Amino acid sequence: MKFGVISFPGSCDDVDARLACARVGEAVALWHADHDLAGVDVVVIPGGFSYGDYLRAGAIARFAPIMTEVIEFAREGGRVMAICNGFQVCCEAGLLPGALLTNVGRRFVCRQVTLDLVNADTAFTRGLEPGERLSIPVKHTTGRYYAPPELLDRLEAAGQVVLRYAPGENPNGSLDDIAGVINEAGNVFGLMPHPEHAVDPLTGSSDGLGLFASLAASAVGAGV
Amino acid sequence: MGVVKARVLVRPKAGILDPQGAAVERALPALGFEGVRDVRVGRLIELDVADPARLGEMCERLLANPLIEDYEVLVERDGG
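First to last, the protein sequences are chains A and B.
For the first sequence, our numbering assigns the number 1 to the initial residue and increments by one for each residue that follows.
For the second sequence, our numbering assigns the number 1 to the initial residue and increments by one for each residue that follows.
Since the hints were made in silico from the structure, they are not lab data.
These numbers were taken from a predicted model, which means no experiment stands behind them.
We put the beta carbon where it would ideally sit given N, CA and C, even for glycine.
Please note that a few of the clues may not be correct.
Stated by the list, open to error - To give an idea of the interface, some chain B residues facing chain A are shown, with a C-beta separation under 8 Å as derived from the structure: (1) Ile16; (2) Leu17; (3) Gln20; (4) Asn65; (5) Leu67; (6) Ile68.
Please build the complete structure, drawing on both the sequences and the hints.
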């Protein structure tokens, strides 16, 4: 399984994401200004502050040269894991439903949170147990998940809410405690917590590794 | 064809919690400004455009995120 991690100007979690991917497969770097996905099986859009988060987080990165290829890759069923800033980029690009707003507390939040796995039947979560609790850090200022009421109902009904902050753990005011959502086709997954920072017990938790391992174990090109 | 000066006002959609506006609203009474409600903080974008007819499209595709923001386009006809 070949993972490609995009680096934008302002990405800061690309190296950790590559190291996490390298634990379960092959990991290569992809450059924002290229039009080449290097034949990867999975694209990871990492955390950071791409293009300085000017205008809105993710608003400019969405028009980066490589995003043309990423959007086409996703439309054809290619798997995309979008972490934090990557989640914001994918919402702006229309690859994921909803939007991310400034945290209710207005401040940068950096801490370990407990997550409930809501949907264990996705390519990104199949290696985990339904209902499993995960300890993974968040670090963001713009992580409040929002979708209009009708859209939110549709996401909930369709099982597109994959991760939720455990009761009392919501760090940003996200609606319905949503921490991660998947697109309708099941091949693009966005989450605010950082699984790439939770792959080794040395740093407190290795619960994030299961997401990368699920992808590595899934069949290439099988869409969902 | 000259350029036209335009201003785009972008603000959080009604019903969406605006924590920045709420913070400003709480700060004003501390300075003695009573009776202020419904503070919303948005963004002002100033631009010179050759074709103001395309401003709506610019707002839809980049300047605002229509899912979470409303926008208003103001064009100065005399070019300032």
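Taking the hints in turn, this is what the structure says about them:
Of the supplied interface hints, the one on isoleucine 16 of chain B holds, with its beta-carbon coming within about 7 Å of a beta-carbon of chain A, less than 8 Å. Using the Cβ-Cβ criterion of 8 Å, the hint placing leucine 17 of chain B at the interface with chain A is satisfied: the shortest such distance is roughly 7 Å. Proximity of glutamine 20 of chain B to chain A holds as hinted, the smallest CB-CB distance being about 7 Å (cut-off 8 Å). Hint on asparagine 65 of chain B holds. Least Cβ distance to chain A is approximately 6 Å, under the 8 Å limit.
Contact between leucine 67 of chain B and chain A, as hinted, is supported at the beta carbon level, the nearest pair being about 5 Å apart and thus within 8 Å. The restraint placing isoleucine 68 of chain B at the interface with chain A holds, with a minimum CB-CB distance near 5 Å, inside the 8 Å limit.
Checked against the numbered hints above, the structure breaks none of them.
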